[in-house]
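**Q** Chains as they are written, first to last, in this note's numbering: chain L, 1 to 366; chain X, 1 to 201.
A hint or two may mislead.
[Stated by the list, open to error] Stretches of chain X that chain L covers, calculated by requiring three or more beta carbons in the stretch to come under 8 Å of a beta carbon on chain L:
hint, stretch
1, 44 to 50
2, 87 to 94
3, 106 to 114
Calculated from the structure, these hints are not laboratory results. Virtual Cβ for every residue (Gly too), placed ideally from N, Cα, C.
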Amino acid sequence: MKNSYLRFRLRLARHALLQFVASLQSSLEYILLAFAPVMLGLFACIALPGLFAATQPWAEALGLFAGQTLLASAPVWLLRKRLHPAAVLIWSRPLPVPARTQWIADAAVAGMVVGPLSLAYAVSSAVWLYQWPDWLRPVAPQALLLTAASLLLAWLLSTLTLAHRTRMPAARAPRRSRSAPVLYEPSRHVRAGAALPYFWKQLFWLPFWRAENVVGVQQTLLLAGALLSIGVWLWHPPVIPPALWAACAALMTMLLTDRGDKAVAEQIALLRPVTTNWPLNTERLYRLAMLFTLLPAICVLGWFALLTLGRDADGYSHTVAAVWLCFAAIAQIAIITLRRLSTRGRVGLVLGAILMLTAIGSELWN
Amino acid sequence: MELRIEQLNFEYASHPLFQQFNLTLPAGVTWLRGENGAGKTTLLKLAGGALTPHAGQIWLDQIEIHAQPLAYRLHCYYCGGDTPQLPWLTVRDMLDLHIGLYPGTDTGLLNAELAAFHLVPTLDQPVTTLSLGQHKKMQLALALSLPVRLLLIDEPFNGLDVDAVAYLRQQLSAPQRLARQVIVLTSHLAPELPLTQTVQL
Numbered sequence: 001m002k003n004s005y006l007r008f009r010l011r012l013a014r015h016a017l018l019q020f021v022a023s024l025q026s027s028l029e030y031i032l033l034a035f036a037p038v039m040l041g042l043f044a045c046i047a048l049p050g051l052f053a054a055t056q057p058w059a060e061a062l063g064l065f066a067g068q069t070l071l072a073s074a075p076v077w078l079l080r081k082r083l084h085p086a087a088v089l090i091w092s093r094p095l096p097v098p099a100r101t102q103w104i105a106d107a108a109v110a111g112m113v114v115g116p117l118s119l120a121y122a123v124s125s126a127v128w129l130y131q132w133p134d135w136l137r138p139v140a141p142q143a144l145l146l147t148a149a150s151l152l153l154a155w156l157l158s159t160l161t162l163a164h165r166t167r168m169p170a171a172r173a174p175r176r177s178r179s180a181p182v183l184y185e186p187s188r189h190v191r192a193g194a195a196l197p198y199f200w201k202q203l204f205w206l207p208f209w210r211a212e213n214v215v216g217v218q219q220t221l222l223l224a225g226a227l228l229s230i231g232v233w234l235w236h237p238p239v240i241p242p243a244l245w246a247a248c249a250a251l252m253t254m255l256l257t258d259r260g261d262k263a264v265a266e267q268i269a270l271l272r273p274v275t276t277n278w279p280l281n282t283e284r285l286y287r288l289a290m291l292f293t294l295l296p297a298i299c300v301l302g303w304f305a306l307l308t309l310g311r312d313a314d315g316y317s318h319t320v321a322a323v324w325l326c327f328a329a330i331a332q333i334a335i336i337t338l339r340r341l342s343t344r345g346r347v348g349l350v351l352g353a354i355l356m357l358t359a360i361g362s363e364l365w366n
Numbered sequence: 001m002e003l004r005i006e007q008l009n010f011e012y013a014s015h016p017l018f019q020q021f022n023l024t025l026p027a028g029v030t031w032l033r034g035e036n037g038a039g040k041t042t043l044l045k046l047a048g049g050a051l052t053p054h055a056g057q058i059w060l061d062q063i064e065i066h067a068q069p070l071a072y073r074l075h076c077y078y079c080g081g082d083t084p085q086l087p088w089l090t091v092r093d094m095l096d097l098h099i100g101l102y103p104g105t106d107t108g109l110l111n112a113e114l115a116a117f118h119l120v121p122t123l124d125q126p127v128t129t130l131s132l133g134q135h136k137k138m139q140l141a142l143a144l145s146l147p148v149r150l151l152l153i154d155e156p157f158n159g160l161d162v163d164a165v166a167y168l169r170q171q172l173s174a175p176q177r178l179a180r181q182v183i184v185l186t187s188h189l190a191p192e193l194p195l196t197q198t199v200q201l
């Protein structure tokens with residue numbers, strides 16, 4: 001059982017990682033095409049904070065060390081639902097797998113992610129050792145030890161993340177805030193005659209907030225991020241260049257509509273076989289759901305329009321603001337309407353729009 | 001009142017199930033019999049609009065399923081499947097959804113069915129937490145209270161306790177119901193109901 005469980009978990013993780021890489025293929029093509037030198041630079045610098053920590057007083061060093069550890073353990077946390085899917089968890093919990101075997105399997109799966117990442121850190125460290133800068137010379141052994149320790153700690157954290165997911169949840173007594181119902185009363189909306197917005201709420205709003213679905217939270221964070229980025233961009237504090245906030249605003253706005261539209265498309269695919277025999281014009285409902293995907297972006301663009309076009313220009317260009325707004329609106333509509341684009345085409349559309357919006361936005365304060 | 005199936009063709013990946021199939025079912029209970037894979041559930045799904053035939057017509061009185069799909073579906077309810085199809089909803093949400101889909105549903109009658117099947121305390125539970133039998137009871141409570149003319153029930157007695165089976169038999173034998181509904185059910189066991197006809201597939 002020990003070896004077969006371990007083999008099963010490793011095969012499951014390998015399958016999940018291959019699937020994840022395949023899902024990123026189109027994005028990676030464009031990112032490497034446009035940002036290959038930047039990516040290479042970032043890759044070379046990945047070990048820098050950990051190495052640099054050795055030159056700092058202990059408080060700052062601890063902060064950098066903790067940051068690097070969390071960064072290195074983040075991939076497993078982000079991929080935990082793929083590495084050990086809920087359906088497999090439910091199925092495998094009753095199996096007679098000893099706790100030790102579970103721990104070994106979790107550590108091995110965590111190692112499949114942290115291992116290659118450690119290799120990247122090793123290459124980056126080698127680059128810095130080859131460069132041999134003045135600040136590194138007196139603390140090189142300590143810096144390397146700190147880096148190795150942070151990676152080991154990241155492996156441990158990643159293992160704990162997976163072990164926590166594997167653990168059988170404790171039985172909790174249900175909350176008794178409400179008394180048990182004694183009669184079924186149809187909801188107000190149904191009594192008044194259910195309209196399409198009611199069905200939209202039940203079939204396209206509730207599923208994104210319930211059970212393990214994170215689409216609701218993800219969209220809320222993207223919306224808040226887009227509104228905040230635009231707010232700071234227009235406020236333009238002196239420390240950070242406004243172009244960076246323009247890039248953030250473009251990224252969040254485009255992802256907001258793209259991710260929302262993808263979630264709605266997946267939900268439609270799930271609902272189609274269920275709703276075929278319902279006495280409801282489902283095609284109208286699906287069109288409404290796709291249209292509603294634009295609502296968050298409309299809020300973002302409305303917020304931008306309010307902050308720019310709705311007041312006197314104070315050092316920024318009204319023309320650039322209007323062009324940014326028009327281009328952003330066209331890009332949002334393109335995402336919703338060009339549904340027959342291939343995955344590669346869609347990624348190209350989103351990344352292209354982000355680059356164009358960033359380029360236009362960088363002229364706002366010039 | 002009758003369900004009329006004319007010249008129906010349907011096949012699964014080169015495995016023909018129905019070819020030039022004709023059937024007329026009057027009001028009352030029809031028992032569809034047949035071994036596993038004979039096409040009982042498929043026929044119910046075709047008659048309920050959950051599957052599209054490759055050829056042929058299906059009429060409920062004067063309403064043809066493809067000519068007037070919404071009108072047809074409004075008068076038809078397919079009760080089948082053992083797993084919750086919309087797992088994010090609670091039992092109450094599910095009932096609301098069906099009342100929204102079928103205007104004119106008698107909520108008093110629905111409450112009576114829910115009470116008879118002991119489902120009222122589960123109203124605020126997610127549908128995924130219902131047992132197999134409770135899920136079947138929820139579907140049957142809807143089937144017995146929606147204002148439809150065609151009722152298609154796949155294995156109605158699966159997973160039900162003895163009391164629920166007795167109650168369901170009593171409801172499906174009620175003369176008023178038999179006069180106003182075409183009821184088609186599949187069952188491997190004899191349904192022990194007043195049957196209008198039995199169809200062997």
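**Q** None of the hints should be skipped; say for each whether it holds.
**A** To see whether the hints hold, each was checked on the structure:
| no. | hint | verdict |
| --- | --- | --- |
| 1 | 44 to 50 | holds (count 4) |
| 2 | 87 to 94 | holds (count 5) |
| 3 | 106 to 114 | holds (count 4) |
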